[in-house]
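Chemist: In the working numbering, the protein residues as written are 1 to 499.
Rather than coming from a laboratory, the hints here were simulated on the basis of the structure. None of these values were measured; they are calculated from a predicted model. A couple of the hints might just be wrong.
[Said to hold, decoys possible] Listed next, the in silico DSSO-like pairs over lysine-lysine satisfying Cα-Cα at most 27 Å (straight line):
#1 K454 / K465
#2 K5 / K80
#3 K433 / K340
#4 K317 / K244
#5 K234 / K259
#6 K403 / K474
#7 K130 / K77
#8 K234 / K340
#9 K80 / K136
#10 K215 / K264
#11 K8 / K44
#12 K130 / K234
#13 K340 / K403
#14 K215 / K340
#15 K471 / K487
#16 K317 / K264
#17 K54 / K80
#18 K127 / K244
#19 K259 / K80
#20 K77 / K259
#21 K265 / K215
#22 K5 / K35
#23 K234 / K365
#24 K259 / K244
#25 K80 / K114
#26 K80 / K317
#27 K479 / K403
#28 K344 / K365
#29 K327 / K344
#30 K365 / K340
#31 K423 / K479
#32 K234 / K317
#33 K454 / K471
#34 K327 / K287
#35 K57 / K8
#36 K454 / K474
[To be verified] Simulated restraints, written as ranges between beta carbons of each label pair:
#37 D328 / T419: 53 to 61 Å
#38 G288 / P228: 52 to 60 Å
#39 G446 / G107: 50 to 58 Å
Glycine residues also receive a C-beta, built at the ideal position from the N, C-alpha and C atoms.
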Amino acid sequence: MISAKDLKNITNTLTLLYVEDENELRESVEVYLCKLFAEVTVAKDGQEGLESYKTGKFDIVISDIQMPIMDGLQMSKEIKEINPDQEIIIISAYSETSYFLESIEIGINGYIIKPINYTQMNQELYKSVKSLTQLKENINYKLHLEEMVTQRTEEIVAMQEDKTRNFETTILSFVEMIEDRDTYTGGHSQRVANYAKLVAEEMGISQEDCELLYKAGIIHDIGKIATPDTILLKPGRLNALEYKLIQEHVTVGYKLLSKIPMYKKHAEIIIGHHERYDGAGYPNGLKGDEISMLSHILLIADAFDAMTTNRIYKGRKTLEYAIDELKDLAGKQFHPEVVKSAIKALANIELPEAVTQLPKSDIEKERFSYFFRDQVTEAYNNDYLNFILEHNILDNEFAYIYKFYLHDFNSFNNSHGWTEGDKLLSAFVKYLKDSFPQSTIFRVHGDDFILMTKESIDIDMDEIKELNIFKNNKITVTKESASLEDKNIEDIRKLELLI
């Protein structure tokens, strides 16, 4: 990790163009950059930055993406047309991952994620300075080719290897981004790669193609970097439109990888991993031998892992069941010859025990539960209550349950309007959250509310009845409670029999 002091030793003769529209951020970063570079030119938007570039000479360009008049990517594209070798570093928020696809096509050299971490900025600047040095050495190499050929051969090879490693690091970074968004997808990719290689080896595929297929398996879902979180992270079945949108990840991944020479062969495998032997797959509806054999193998590995992994909406299948499913779908979804080898290769593998889509950390739980929020009160909804009850049988996270009934709420809505009714419900939930912070709160049946807790709590009903929100109206509140210990309450229907 390079320090600012060490970085200054190699940047103090260089010039830099910095483009940012946020005034406060631009001023603070400008102060920092001026300590490192001989000259720093600042612009407030892409258009101003482009004009400055045309009239000046800059070793490095740093730019934000989202800006008025002209954004950072459009400016970078035009700069690259002027000078394809220009070093450009893009600054982007973590939520703007879709822009990375376009930035690869443009040829952006580095990325800094907001909020800006100066240690990361130092590292990206160091990489750009290193690239500039290599570029200048290449020019010098061409001028003195005959006298330098022997000396520089090993260095050129090392540079190419370094470039290859940089590409691989970039691609794997995108895969890691997907893993950070959806932990299931990351583990899934690794398992699919392992299964695919086992099947390919059983079929007698060359070692070179086995390794090619393995790497394709690792990155086969890279197109999901452009899939919205609301679809990628949805803890349940997708509807028809959502399913259509997530299907686009195959085409996105293909377009991304096919533009990179070292990944063209991988892209040709990945484009077919959701096709079907009978032609009913996507994105192109290919069938039979129209699909490459390596894609047929990846297709089976992908489906096999989906069958043997827990999802929110379905439990994992046993190894025996998954093998039988491969047999049943031979000639339909899967290539019959590949199925024969897959049965042999996968028949005795040990399935991982801990693979699940359930959230583990507090952050994962919060992101997971986002999909189950009641839009009016911010309490959780019926679906999440069902989910909690189902898993509470095994987890024992909650031991007590309290249910509040708001009587005559419909009369209040009729006389005061739904907007006022929503405000009253929201105020009641806020009271519950403030008074019982260790509880989890659900809104059920419109005007009833449930609290679930680990420990028993004291609830003062007289205090609740005296709340301002219940004064001057006919709404009354009653409560029922029960212990969940030794009760197999797995859904709302059984809960209603209890309280």
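Chemist: Now tell me, hint by hint, if it's right for this structure.
Modeler: Status of the hints after comparison with the structure:
no. : hint                    : verdict
1   : K454 / K465             : holds (25 Å)
2   : K5 / K80                : violated (30 Å)
3   : K433 / K340             : violated (57 Å)
4   : K317 / K244             : holds (25 Å)
5   : K234 / K259             : violated (30 Å)
6   : K403 / K474             : holds (20 Å)
7   : K130 / K77              : holds (22 Å)
8   : K234 / K340             : violated (34 Å)
9   : K80 / K136              : holds (18 Å)
10  : K215 / K264             : holds (12 Å)
11  : K8 / K44                : holds (25 Å)
12  : K130 / K234             : violated (42 Å)
13  : K340 / K403             : violated (56 Å)
14  : K215 / K340             : holds (23 Å)
15  : K471 / K487             : violated (37 Å)
16  : K317 / K264             : violated (34 Å)
17  : K54 / K80               : holds (12 Å)
18  : K127 / K244             : violated (40 Å)
19  : K259 / K80              : holds (17 Å)
20  : K77 / K259              : holds (16 Å)
21  : K265 / K215             : holds (10 Å)
22  : K5 / K35                : holds (10 Å)
23  : K234 / K365             : holds (13 Å)
24  : K259 / K244             : holds (24 Å)
25  : K80 / K114              : holds (24 Å)
26  : K80 / K317              : violated (51 Å)
27  : K479 / K403             : holds (6 Å)
28  : K344 / K365             : violated (39 Å)
29  : K327 / K344             : holds (12 Å)
30  : K365 / K340             : violated (41 Å)
31  : K423 / K479             : holds (21 Å)
32  : K234 / K317             : holds (21 Å)
33  : K454 / K471             : violated (32 Å)
34  : K327 / K287             : holds (18 Å)
35  : K57 / K8                : holds (19 Å)
36  : K454 / K474             : violated (33 Å)
37  : D328 / T419: 53 to 61 Å : holds (55 Å)
38  : G288 / P228: 52 to 60 Å : violated (34 Å)
39  : G446 / G107: 50 to 58 Å : holds (55 Å)
Hints 2, 3, 5, 8, 12, 13, 15, 16, 18, 26, 28, 30, 33, 36 and 38 from the list above are not met by this structure, while the remaining hints are.
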